[in-house]
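Trainee: Letter by letter, the chains look like this.
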Amino acid sequence: MKIRTTLVILAVSCVVLAALLWVDRTLFPLFTGTKRIATSQEIFEGLRTLKSLHTLRYIQKVVFPYDYLDPELDFDVILTTLRRGKGSVNSLLSPRERDYLEARELAERIGLKFTGRRREFVVVTAQIGVGIDLEKLKIFPSSERTIQVHLPPPRIVDLTIEDPNPSTYPYPDIPLSPYHWKLVADLVERKLRERSLDASILSAARTQVSRFLTSLLKQAGFLDIEIKEDLPTEDALRR
Amino acid sequence: MRRPFLFSIMIPTILGVLITGCSRFSSPSMEELSERIRTILELPSVEYRYREIVYVGVEKSFLFIPTSSKEVLFSVEIRVQAGIDLQQPFTIYRDIRNPRKIHLTLPPPKVLLLDVDEGTIRQYFVVEQGSRIHRMDYLKELESAKQRVLQDAYKRGILGEAERQAKTLIEHMLFAAGVEGVEWGRL
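Same order as they appear, the protein sequences are chains Y and C.
Note that the first sequence covers residues 8 to 246 in my numbering.
Note that the second sequence covers residues 49 to 235 in my numbering.
Warning: the hint list may mix true and false statements.
Straight line, CA to CA, 20 Å or less: simulated EDC-like cross-link-like pairs of lysine to aspartate or glutamate [as the list claims (entries may be wrong)]: (1) K118(C) with D140(Y); (2) K225(Y) with E79(C); (3) K198(Y) with E142(Y); (4) K68(Y) with D133(C); (5) K68(Y) with E191(C); (6) K215(C) with E107(C); (7) K120(Y) with D143(C); (8) K225(Y) with E191(C); (9) K68(Y) with E119(C); (10) K225(Y) with D200(C); (11) K194(C) with E219(C); (12) K108(C) with D170(Y); (13) K215(C) with D133(C); (14) K68(Y) with E189(C); (15) K215(C) with D143(C); (16) K68(Y) with D165(Y); (17) K235(Y) with D165(Y); (18) K68(Y) with D200(C); (19) K68(Y) with E166(C); (20) K198(Y) with E169(Y); (21) K225(Y) with E219(C); (22) K120(Y) with E176(C); (23) K68(Y) with D165(C); (24) K203(C) with D170(Y); (25) K225(Y) with E90(C); (26) K203(C) with D165(Y); (27) K120(Y) with D133(C); (28) K203(C) with E169(Y); (29) K118(C) with E127(Y); (30) K225(Y) with D165(C); (31) K108(C) with E166(C).
The hints are simulated quantities; they were obtained by calculation from the structure and are not laboratory data.
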């Protein structure tokens, strides 16, 4: 008799509990429209679509050749180092010295007057998109309300050299053939890709991304959000 | 026999109510949703950074003979931020037929900040022959550089980007709050 009673109690308890849970999951939201907490997977999928939305746009104008002619460097010293040293240019010269050498050689080749009284220069506009690689974004929800996000370091997502518009070019015009312009634009693009971005630009991009993610995750119902940044590597800062 | 049966109903009911009750938030009201939208819109949503180049070149001559010339070339960082203007009100109401659908009208986006960071000025060269460069010479050019940058930001679509981003964030918030559809209008 006792075994039978216990079995009946257990069976009825299970049925009532199952019924309550079913009502809660299926029917209750239809009447109340309760707030739904998005799952980490949903948030992650949502973030994937936002790649182009939260990158910092940096419109950088470069003055050729002056941006590469560091006044602290001496051209004769660079030439002497090359003449006396053994090995490749890359092994003998520092990145700043290589920039100087390349820019000076190109400026002379295209006939720019960049010393003395007359100073000629070309302004090249580059549009740089700075952002984070969402494929490397890691999300660790530790509970329903707590989440930890590991951000990859910001990097150059896209880089475009813009063609100058004669009506909006507010600098002195200089004689330059299309081929010479292309040589200058190619050098500027290559140097921009080689060099790491300015710290303030990276910091602004990082702040933007963190602010955006925090806002998004708060709206998704998380109360405790911790955003950590993975340490940048030299390569990560470049394209 | 009656008492155990009563327990078998009561215990799972109490358990069930505790489990389901603790895991749920109340449905957000329109006031609450409005407040959340306001919080989102308080963030300036899009920022463009510019490294602008400013050139000042003045040459004076008398009877075709140059008497003085001054030239200066420098770079400066300029920030442009855009977002939704919260000085103007936005409207939000539920659809009459479908309470899970929201009609939302936002004020137009605008540029919220245009800032020249004079601490970032880097001078490339200065040429002064016969006269010197005065502060007013380059301040005037700096002001026109600011306007040039502002026009450029408009041309690149900073306002559209700010609006799109605000809408994306608001939609994420509303969908997470159980809203199934958002109908956008413009003030």
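Trainee: State for each hint whether it applies.
Mentor: Outcome of the hint check:
1. K118(C) with D140(Y): With a Cα-Cα distance of about 47 Å, the restraint between K118(C) and D140(Y) is violated, given a limit of 20 Å.
2. K225(Y) with E79(C): 18 Å, holds
3. K198(Y) with E142(Y): 27 Å, violated
4. K68(Y) with D133(C): 30 Å, violated
5. K68(Y) with E191(C): Holds, because 17 Å separates the two Cα atoms, which is no more than 20 Å.
6. K215(C) with E107(C): 51 Å, violated
7. K120(Y) with D143(C): Distance ~69 Å between K120(Y) and D143(C) Cα, so the pair is violated.
8. K225(Y) with E191(C): 40 Å, violated
9. K68(Y) with E119(C): 19 Å, holds
10. K225(Y) with D200(C): Status violated; Cα separation ~34 Å.
11. K194(C) with E219(C): The given pair, whose Cα atoms are some 34 Å apart, is violated under the 20 Å limit.
12. K108(C) with D170(Y): 32 Å, violated
13. K215(C) with D133(C): Holds, because 14 Å separates the two Cα atoms, which is no more than 20 Å.
14. K68(Y) with E189(C): 16 Å, holds
15. K215(C) with D143(C): 18 Å, holds
16. K68(Y) with D165(Y): 16 Å, holds
17. K235(Y) with D165(Y): With Cα atoms ~24 Å apart, K235(Y) and D165(Y) exceed 20 Å; violated.
18. K68(Y) with D200(C): Satisfied, since the Cα-Cα distance of roughly 13 Å is no more than 20 Å.
19. K68(Y) with E166(C): It holds: about 16 Å lies between the C-alpha atoms, which stays within 20 Å.
20. K198(Y) with E169(Y): Roughly 15 Å separates the two Cα atoms, so the pair holds.
21. K225(Y) with E219(C): Status holds; Cα separation ~13 Å.
22. K120(Y) with E176(C): Distance ~18 Å between K120(Y) and E176(C) Cα, so the pair holds.
23. K68(Y) with D165(C): Cα-Cα ~16 Å, so holds.
24. K203(C) with D170(Y): 15 Å, holds
25. K225(Y) with E90(C): 15 Å, holds
26. K203(C) with D165(Y): With Cα atoms ~19 Å apart, K203(C) and D165(Y) stay inside 20 Å; holds.
27. K120(Y) with D133(C): The given pair, whose Cα atoms are some 49 Å apart, is violated under the 20 Å limit.
28. K203(C) with E169(Y): 14 Å, holds
29. K118(C) with E127(Y): 14 Å, holds
30. K225(Y) with D165(C): Given pair K225(Y), D165(C) is violated - Cα atoms ~32 Å apart, limit 20 Å.
31. K108(C) with E166(C): Roughly 28 Å separates the two Cα atoms, so the pair is violated.
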